[in-house]
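Can you build the whole structure from these sequences, using the hints too?
So the sequence lines, in the order shown, correspond to chains A and B.
Be aware that the first sequence starts at 1, since it is given in the working numbering, and climbs by one per residue.
Be aware that the second sequence starts at 1, since it is given in the working numbering, and climbs by one per residue.
Honestly, I wouldn't trust all of these hints.
[To be verified] What follows is a list of derived Cβ distance ranges for each label pair:
1. A/286 with B/82: 58 to 64 Å
2. B/91 with A/290: 18 to 24 Å
3. A/71 with B/86: 31 to 37 Å
4. B/13 with A/58: 22 to 28 Å
[Unchecked claim] Stretches of chain A that chain B covers, calculated by requiring three or more beta carbons in the stretch to come under 8 Å of a beta carbon on chain B:
5. 62-73
6. 140-150
7. 234-240
Note that these hints are calculated values from the structure, not bench results.
Quick caveat: nothing in here was measured; it's all calculated off a predicted structure.
Just so you know, even glycine gets a beta-carbon here, dropped at the ideal spot from N, CA and C.
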Amino acid sequence: MDNWQNSTCLLIAEFLIHIVSTDEIELEEGYLPFVVRNQSGNADITIQCMEGLPTFQFEKEKLVFEAKNEEQKFYSIYRNGEELGFAIYNQQDKDEIQQIALLDEDFINWKVYSDNSKSKIAALKYPLGPIIMHYMTLKSDAVMMHASCAYDGSKARIFTGFSGAGKSTMSKLWSEAGNGIVNDDRLIIRKRDSGYIVYNTPMYYADIPKSAPLNSIFLISHSPINKIKKLTGAMAVSKVMAFSIQNNYDKQFIQSRLDFFSDLCSNVAVYELGFVPDESVVHFILANET
Amino acid sequence: MTMDIKTIHSLKSKFVARQVGNEMILVPITNNVAQMSELFTLNETAMFIWENTTENTTIEEIEKGITDTFTIDSKTAREDIETFLNQIEKLILNKR
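Laid out in structure tokens, this is it:
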């Protein structure tokens, strides 16, 4: 029986995360503002952290998903019966595994094994933190998106698009126009009794937890002139879903995402926006959104 | 064009489909992170083809089904089928 001497609770997008460890837990700076009073009995998910990497015979497991590109390797997912196994790679050395994580079939209990030979147990060290948050959303009415979000006190507007499309630029422009910024990179959207709510998630820098009622989603790209087009139906769903964080190796995951985005896009306005990166786009949106 | 109706049937298990209004979204099941600007959407005729293609369906049966269901002639139905097959072929090629 492990001796869980260390315990921490985080509240992210109103999901309560209980982290326990046999050793001292080190959280990256961005997670610290999300730490809440210990209320482990109500936790949505539990993360048990162990020191040392177990001998995990990957070749005996079924590889179901790999997140990598030509330059970088982020993680690999293996299926063992109903349980999932995650090999998380060191972002400074793509051939080195920094953590092995196991997730039970209910997506509630994580076991995270860390290579702590160089530091304390960093339970949520990137990219594991966002992976855990993604799987936390999968069995509820919630999604994670790469997007920025501005809030004017009554409406939250989300801006999403490819890397370089202008998400951070849009945040800056709306901030200069007097709006609050929920986040400029990674958000969680949840369906609540009051409607769709957008939340920030911990980043590499410290920022307080924020939330706002979602009003509209803009699919952005740079353009010589400001132009806007409202999208509805399948086109809106398909384009918004394309910018959500997805591990589409499982039919049930995809079906649940399609259900979520179909409902979201029938309740929240979706626009395609070509924009000039100056303050004119703020006025343009205010004048043209319906 | 290398895509045919039989191939469409064999591809069905590689996608998850969802009807939204009179259209359908196809999401490919994939084992890696693919950057997509949008998922694949089917209009009403293409959705009919997707839903009514079985292992033994012929192109003539699909064409007749379209003309019986929608107010379009055989020539347009055949063009719609060819357009659909071309689009699916492009989608599959893009995935590779």
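Return holds or violated for the Cβ distance of residue 91 of chain B and residue 290 of chain A against the range 18 to 24 Å. Distance hint for residue 91 of chain B, residue 290 of chain A is violated at roughly 32 Å.
Per-stretch coverage check for the stretch 234-240 of chain A, three Cβ contacts closer than 8 Å to chain B: holds (count 5)
Cut-off 8 Å, C-beta pairs, minimum 3 residues; does the coverage of the stretch 62-73 of chain A by chain B stand? holds (count 7)
Return holds or violated for the Cβ distance of residue 71 of chain A and residue 86 of chain B against the range 31 to 37 Å. holds, 34 Å
Using the Cβ atoms, figure out if residue 286 of chain A sits within 58 to 64 Å of residue 82 of chain B. violated, 45 Å
How does the Cβ-Cβ distance of residue 13 of chain B and residue 58 of chain A compare with 22 to 28 Å: does it lie in that range? Since the Cβ atoms of residue 13 of chain B and residue 58 of chain A sit about 26 Å apart, the hinted range of 22 to 28 Å holds.
Is the listed coverage of the stretch 140-150 of chain A by chain B valid when you require three or more residues with a beta carbon under 8 Å from a beta carbon of that chain? violated (count 0)
Hint violations for this structure: numbers 1, 2 and 6, all remaining hints satisfied.
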